[in-house]
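Colleague: What follows is each chain in one-letter form.
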Amino acid sequence: MVYLDNSATTQPWDTVMEAYQQASYQYFGNPSSLHRLGTEAETLLRKARESMASLLKIKPEELVFTSGGTEGNNLAIKGTAMKHMNRGKHLVTSTIEHPSVKEAFCQLEAAGFTVTYVPVNREGLVDPDDVLDAIRDDTILVSIIHVNNEIGSVQPIKEIGERLAAYPKLYFHTDHVQGAGLLPLDFKEAKIDLATISGHKFHGLKGTGALYVREGVILSPLFHGGGQERTVRAGTENVPGITAMAKALRLSRERLEYDQTRLITLKNKLINDLEGVEGTVINTSKEHSAPHIINVSFPGLKPEVLIQALTKRQYHVSTKSACSSKLEEPSAVLLALGAKKEQAESAIRISYSIDTTEEEVKGFMNAIKEIVAEIKL
Amino acid sequence: MIYDHILVRYGELALKGKNRGDFEKTLKKNVQHALKDHPACKVKRTYGRMVIELHGENPQEVMNKLSVIFGISSFSLAMKSMNDLEQIKETALQAYRQHEGEKATFKVSAHRSYKNFPVRSQELNRQVGAHILRNTENVSVDVHNPDVEVTVEVREQGTYMTCGRTKGAGGLPVGTAGKVTLMLSGGIDSPVAGYLAMKRGAEIEAVHFHSPPYTNERARKKVEDLTRVLTSFGRPITLHVVPFTELQKAIHAHIPSHYAMTIMRRMMLRITEQITTKINAKAIVNGESLGQVASQTLESMHTINEVTNVPVLRPLITMDKQEVVDISKEIGTYPLSILPYEDCCTIFLPDDSVTKPRREKAALYEKGLHFEPYIEKAVNNVETLTIGRSTAKTEVMDDLL
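Residue numbers (my numbering), protein chains in the order written: chain P, 1 to 377; chain U, 1001 to 1401.
Note that these hints are calculated values from the structure, not bench results. Careful: at least some of the hints might be erroneous.
If you want the ones that stay clear, here's a sample from chain P, every Cβ over 10 Å from chain U, calculated [what the hints assert, rightly or not]:
| hint | residue |
| --- | --- |
| 1 | 44 |
| 2 | 137 |
| 3 | 189 |
| 4 | 369 |
Computed spacing ranges between beta-carbons, pair by pair [said to hold, decoys possible]:
| hint | chain 1 | residue 1 | chain 2 | residue 2 | range |
| --- | --- | --- | --- | --- | --- |
| 5 | U | 1040 | P | 111 | 52 to 62 Å |
| 6 | P | 122 | U | 1145 | 44 to 54 Å |
| 7 | U | 1039 | P | 111 | 35 to 45 Å |
| 8 | P | 114 | U | 1147 | 26 to 36 Å |
| 9 | U | 1383 | P | 46 | 17 to 27 Å |
| 10 | U | 1252 | P | 57 | 29 to 39 Å |
| 11 | U | 1061 | P | 33 | 28 to 38 Å |
If you're wondering where the values come from, they're calculated on a predicted model, not measured in any experiment. All C-beta atoms, glycine included, are put in the ideal place defined by N, C-alpha and C.
Next comes chain P alone, as it looks inside the complex:
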């Protein structure tokens, strides 16, 4: 089995699973309980928070644990909107956001907020000038995805952040879910106020995630309750899940330096090879894309057919984003970059993890060649 759908989710590592299991058995206490078991769970939680904070180069207090990317994005966006609506009701985002961002903004529009959607160019990149132009006196939030989950385009987050720093009254959020594992941002350097990450995208477990909330940023909570996570996110902390996520992040970062370069080479190789197949359109920018995502269209071919044929050969890839692939529609992201309907309907996404090997990619390419030849007949 060759798994090349790592933007959808990654396989949890064995050591991560072991950490989860041990933490579940040994530190099952509620971190808020006063007895020894509670105290120990609280200590483990604190250590996990410190470990992740140091890897992310932020303060431990700046990390709010969540249930994953969707919650993090919702908390950042709605939490800002609800808390600061008296200051203004204008929001800025891009046209190629993940559904959890897009839909959060839709809900806010229905509630009376105004949203400006900044367009992207053919490579799937927003122009920082456009973002700056969109800002008004009553803008309270700018949210731009870091690495797009469908095509892998990498937005100039640092440049945008640095320029937005001139507007201290608005917050800058980035959906860092796809970047956290293989293309990490330095939040402080990029002057980001809020950043979402998700554990299962870097070999942690589903149901775990975190939101970076810069010191001084105040959010209105989505969940109210027992005051956990400094009251921003009530609910008993998922100590084993958080432990597993901290471990997965550490292991990923230890390998990053070596594997990032390796994956970029693998990405460029695959793009070149796919270009060699007649009729393909590469939707991923070679230059401005993450190390792990390649999006390619086969105009005229139904992607479902391609995926079925690949699955039969034990290769697993996606059409569009897993979160929206159930809808029988052309990819909104590809349409946003100006792709024709045929191109937007026939895209598949190949996504690597830090474990992806050269042999796997070679095998995949051979399978594609065979299948295309077969179907075209």
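Let chain P serve as the given structure and place chain U on it in line with the hints.
Modeller: What follows is chain U alone, placed relative to chain P:
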């Protein structure tokens, strides 16, 4: 050539005579302790300086750890060369080139503590400066206000080049002033008092009064965590946890409530004195600040202090609360200190404590208590633990992470 050394400087003026050896030895030990996670680092003493050979360790991480060690006045990344003029010139140029930050203007400051080296300091300044000027563009010398000071230190074992310096934590190496006991409650003040005592070179052993079940596990853990924060400024710290419940109950039962607080403090001081003697410490440190609360008025201190003639040092005595809070935030004890767990000072606390207790009255009330057996029992049952940077338990947790 890369920056593969760190040159550590310490306050030299105060250090003449036979103190110097002790001072340097202790500082070296403390630096080695702080750099435990960087096993490749080698720490070497040279006269008046300490040199850390990095051997591939991350310089920034090492410097972060050095920045909190007391006794260091400043430190710099350094390159080493042989004592040869051409090599010195070339190494200095490399040091200048690889220096990050503003560097449009510079000056060279050479020190030739190895007098057998034939080129004198002034001549070295000129030669090294000229070499940098010849090999760079848009750079000029400014001897009054340079962006970068390129120092060239000629020592017997080699010459060290540095550009710029980072200020150290100052103070004296922990351990050089001798040992004290710190009365550590878990509030904001006492950890700061401990920190300041460490800053002046004191090695501390902490004493905490624990009254289970009235004070809970969390309160005790909080004190352990606070102690652990303090270890980052020195070495592992011994924590003495005194079982205080029985004595506190007895006070509550037999002493008129308006004197209960005063008597409790006198008992704590008696117990601390005994521990102090036992561990051969020479003073007691606490977090009292004049007039802050009822137990810290001059009259209270006068009455409480009566029970011991071991010096009681009060580093915070003249500080405002806000100044103490600022330091606690800086050293990282604040977020722990404000966790809301009761300590032994807040349980059974009567609301009618006298602010001007008198020695005679305190002594009179104590007479009816027969407290000696309680004190003896408390001292004999002290639980002593060493707080290092990690414990067996936290190591299990570290494995999970």
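Colleague: Would you mind marking each hint as holding or not holding in the structure?
Modeller: The hints, checked one at a time:
1. The non-interface label for residue 44/P is inconsistent with chain U: the shortest C-beta to C-beta separation is roughly 5 Å, within 10 Å.
2. With a least CB separation of 35 Å from chain U, residue 137/P remains clear of the 10 Å interface cut-off, as annotated.
3. Every CB of chain U is more than 10 Å from the CB of residue 189/P (nearest about 14 Å), matching its label as outside the interface.
4. With 10 Å as the threshold on Cβ separation, the claim that residue 369/P sits away from chain U holds: the shortest Cβ distance comes to roughly 44 Å.
5. For residue 1040/U and residue 111/P, the hinted distance range of 52 to 62 Å is satisfied, since their beta carbons lie about 58 Å from each other.
6. In this structure the hint that residue 122/P and residue 1145/U lie 44 to 54 Å apart at CB holds, the actual value being about 51 Å.
7. With their beta carbons about 57 Å apart, residue 1039/U and residue 111/P fall outside the hinted range of 35 to 45 Å.
8. At roughly 48 Å, the beta carbons of residue 114/P and residue 1147/U sit outside the given window of 26 to 36 Å.
9. For the hinted restraint 17 to 27 Å between residue 1383/U and residue 46/P, the CB-CB distance of approximately 23 Å keeps it satisfied.
10. Separated by about 50 Å at the C-beta atoms, residue 1252/U and residue 57/P break the suggested range of 29 to 39 Å.
11. Hint check: residue 1061/U to residue 33/P, Cβ distance near 36 Å, so the stated range 28 to 38 Å holds.
Hint violations for this structure: numbers 1, 7, 8 and 10, all remaining hints satisfied.
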